[in-house]
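Student: Following the hints, position chain B against chain A.
First to last, the sequence lines map onto chains A and B.
To convert, note that position 51 of the first sequence is 51 in the UniProt record's numbering; the numbers rise steadily by one, no gaps.
To convert, note that position 87 of the second sequence is 87 in the UniProt record's numbering; the numbers rise steadily by one, no gaps.
Honestly, the hints are just simulated from the structure, not real lab data.
For glycine and all other residues, C-beta sits at the position ideal for the given N, C-alpha and C.
Any given hint could turn out to be false.
What the hints assert, rightly or not - Pair by pair, the computed Cβ-Cβ distance ranges are:
no.: 1; chain 1: A; residue 1: 276; chain 2: B; residue 2: 76; range: 50 to 60 Å
no.: 2; chain 1: B; residue 1: 124; chain 2: A; residue 2: 137; range: 26 to 36 Å
no.: 3; chain 1: A; residue 1: 267; chain 2: B; residue 2: 176; range: 21 to 31 Å
no.: 4; chain 1: B; residue 1: 179; chain 2: A; residue 2: 267; range: 40 to 50 Å
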Amino acid sequence: MDILDYDFMQRALLASLMVGLVAPAVGVFLVQRRLSLLGDGLGHVALTGVGVGVLTATSPVWTALVAAVLGAVLIELVRARGRTSGDVALAVLFYGGIAGGVVLLSLAPRGQATNLDSYLFGAITTTSPEDVAVFAVISVVVLLTVVLLGQRLYAVSDDEEYARAVGLPVLGLNIVLAALVASTVVLSMRVVGLLLISALMIVPSAIAQLLARSFRETVALACVVGLVVSVAGTTTSFYAGTPSGGTIVLLSIALFLLVSTGVAVRQATARRRHRRRVDVHDAHPHEHGDGCGHQPVPHGDHVDYDHDGHRHAPHRTGEGVHYDEHGEHPVGAPPAGRTG
Amino acid sequence: MSTTPAGGAPVVELRRATIGYGDVAIVRDLDLTIRAGEAVAVLGSNGSGKTTLARGLLGLASLLDGEVQVLGARVGGLRDRGRVGYVPQRHSVSGAVPATVREVVGVGRLARLGLLRRLGRKDRAAVADAVAAVGLEDRMDDPVASLSGGQQRRVLVARALAAEPELLIMDEPTAGVDAANQQVLAGVLGRISASGTTLVVVTHETAPLADVLSRAVVVDHGRLAYDGPLAEAARHDEPGVHHHPPARERSGYRLDQPTVTTRPRGAAHEGH
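The shape of chain A in the complex, shown without the other chains:
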């Protein structure tokens, strides 16, 4: 496998594995909270941290982490104080973050500002061994927090007021979530880039939402999707010579379009089938009811009527009543599971 012959590719793949797993695990809560763009904003703020790191010759990953977490806490405090001014305050913080980063980087010796692209959009060659170690620590901390506090974070993201009414520390949990987002942003710095990380938090979750039935399923599926697109995108970018961040995000958006089209087609088919059944019984000679000659069969919260061996369920719509098929059953026998 020639891709694994390169040390930098091994590190890039490790980093993409971690960010692919972690970003959606945090992103699902942002989607639930309808704050999908928080990751984007914290990416801006992290850039100032990168600038400070480059200027002071400390590891930019650490300084970015500090800047992003500070920004995250500040945002939650502003949000908690009042919403109207919060919107403007967020914009100021976000654009201040990216402007600060650009200016600080331009002051760096020997024109290192050319690295800006790699921080913003990801570049697989830039992951250092220390980066991988830091990323591993961040990943473990973030995933542990999600496992420990997941249900509370869900409660707060779902219905902040209810969470407050039952005594959950809403502000604290919001700050924890924002700090998780900030950490994830930093995790993305090498492979996906600070401007594109938000996509890897949100798009896998959007895909999982289309398919999953429960919150738990959504989180698990989003992590799998994130992992796959992240590793596949990094690999593709190695062979195609494209920036890794853009490749990963395009791949996940392509998957999103594919899945949502599939789901839409499936739903349309189900609707068509339903309508065809309706047509069959459109000219139904009578409305089922007491004494219509068809055997009534209790079915959950309604009554079906036995009609030549299949069950008719009245379906009342604005235009009147038609009959849905609720499966076949032997005449006279109670339907399965409803013997009581």
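Tutor: For chain B alone, coordinates are given in the frame of chain A:
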């Protein structure tokens, strides 16, 4: 203070309570005692302050003056928040991300668990019982988005029941629910009340729950306008009838004494 025959211990006690948001007082100078086991309707027209009264009991609106005690503790000072259940006025439960009935109702149980404890066997049993109490046990693992509006309302009731509360506060549980589901809901609330849980139901329609609620408290312009048997409350609650001045007079009354009073800054902290 209560005109209802004395039941158990006081569960809710308001003494000259002024409740509102920020500096804005909405409920003013209200005295009210609700005892264990009572089933009380809080009535009033839109903007009367009935919802603010309920939110004040939950710590979602601020106490600006006076005193509010819930289950013997100051609002927010209750150690076990699970003892007070809350059903917010919300027409749908489904958020952006899919969640099952079990997951949504499980959130209600968190009130009993502190910050880190996870749902144990006993908690999961309480969640299952709560879902069964509203008759949705066979929808346990279905996404809430697949339920009808009336069923989703029952999910919200189950979420509150999951913590096994002694006091259940509900905001407009029957609004926008069809007759069949209102009947189911009335049955559920009747059973909850019969089991000894104190009910406080904010509502603008008493008919669906007439068999469940016995006492009514009517709030008008933030003040207590009536407290007594539900059956006799109807004429106090209808706008323009009896104690309400005719519409023209009323608008003048509002000009002199606005419903919403902006209190001077700092006033909120007086008396603390």
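Student: How does the Cβ-Cβ distance of residue 124 of chain B and residue 137 of chain A compare with 26 to 36 Å: does it lie in that range?
Tutor: 34 Å, holds
Student: Would you say the C-beta atoms of residue 276 of chain A and residue 76 of chain B sit inside 50 to 60 Å of each other?
Tutor: The hinted range 50 to 60 Å holds for residue 276 of chain A and residue 76 of chain B, with Cβ atoms some 58 Å apart.
Student: A range of 21 to 31 Å was offered for this pair. Does it hold for the Cβ distance of residue 267 of chain A and residue 176 of chain B?
Tutor: Holds: the Cβ-Cβ distance is about 26 Å, inside 21 to 31 Å.
Student: Regarding residue 179 of chain B and residue 267 of chain A, is the given constraint of 40 to 50 Å on their beta-carbon distance met?
Tutor: 30 Å, violated
Of the numbered hints given earlier, the model fails hint 4 alone.
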